[in-house]
Amino acid sequence: MTTSHSDLLQLKNLGVASVNILRAIGIHSCDDLKQVGPVQAYIRIKLRGIHVSKVMLYALQGALQDVHWNDLDPEQKQQLVAQAEQALTTPSPGSDSRPAQRH
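Under this note's numbering, read the sequence shown as residues 69 to 171, first letter to last.
Wrong hints could be hidden among the right ones.
DSSO-like, lysine-lysine: derived pairs with alpha carbons at most 30 Å apart [stated by the list, open to error]:
# : residue 1 : residue 2
1 : LYS122    : LYS145
2 : LYS80     : LYS122
3 : LYS80     : LYS145
4 : LYS122    : LYS102
5 : LYS114    : LYS80
6 : LYS145    : LYS114
7 : LYS102    : LYS145
8 : LYS114    : LYS102
9 : LYS102    : LYS80
If you are wondering where the hints come from, they were derived from the structure by calculation, not from laboratory data.
Everything numeric in this text was worked out from a predicted model, so none of it was measured.
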């Protein structure tokens, strides 16, 4: 096991399976997770076709805050889900699938 692998395993809420998923999307250390953030990490997981529930999103946030995912504030959970859902339903920049908005 590499140092960065054990680094992630030291975080609350993350076990071997979660760490392997994170490694599959290019997150190899706690610093990587901090840089990417929980919402973007969750989005990368979903876009990779890996089936995870919203608990993964909560677990990633909790890992960065050093709290059990179930102890996150319900409002914070709602915000995380809203951010992830918005990002997952919004076409990526440069995509022509959305009409230009005029104000």
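Quick rundown of the hints versus the structure:
1. A C-alpha spacing of about 9 Å is found between LYS122 and LYS145, which places the hinted pair at or below 30 Å, so the restraint holds.
2. For a cut-off of 30 Å, the pair hint linking LYS80 to LYS122 stands: about 16 Å separates their Cα positions.
3. A distance of roughly 17 Å separates the Cα atoms of LYS80 and LYS145; the hinted pair therefore holds under the 30 Å criterion.
4. Note on LYS122 and LYS102: the hinted pairing holds, with a Cα-Cα distance of about 19 Å set against a maximum of 30 Å.
5. Proposed proximity of LYS114 and LYS80 is supported: the alpha carbons are some 21 Å apart, at most 30 Å.
6. Restraint check: the Cα-Cα separation between LYS145 and LYS114 comes to about 17 Å, which is no more than 30 Å; the hinted pair holds.
7. In summary, the hint linking LYS102 to LYS145 is supported, as the alpha carbons are separated by about 18 Å, within the 30 Å threshold.
8. A hinted pair counts as satisfied when its Cα atoms are at most 30 Å apart, and LYS114 with LYS102 qualifies at roughly 18 Å.
9. For the proposed pair LYS102 and LYS80, the alpha carbon gap of about 14 Å is at most 30 Å, so the pair holds.
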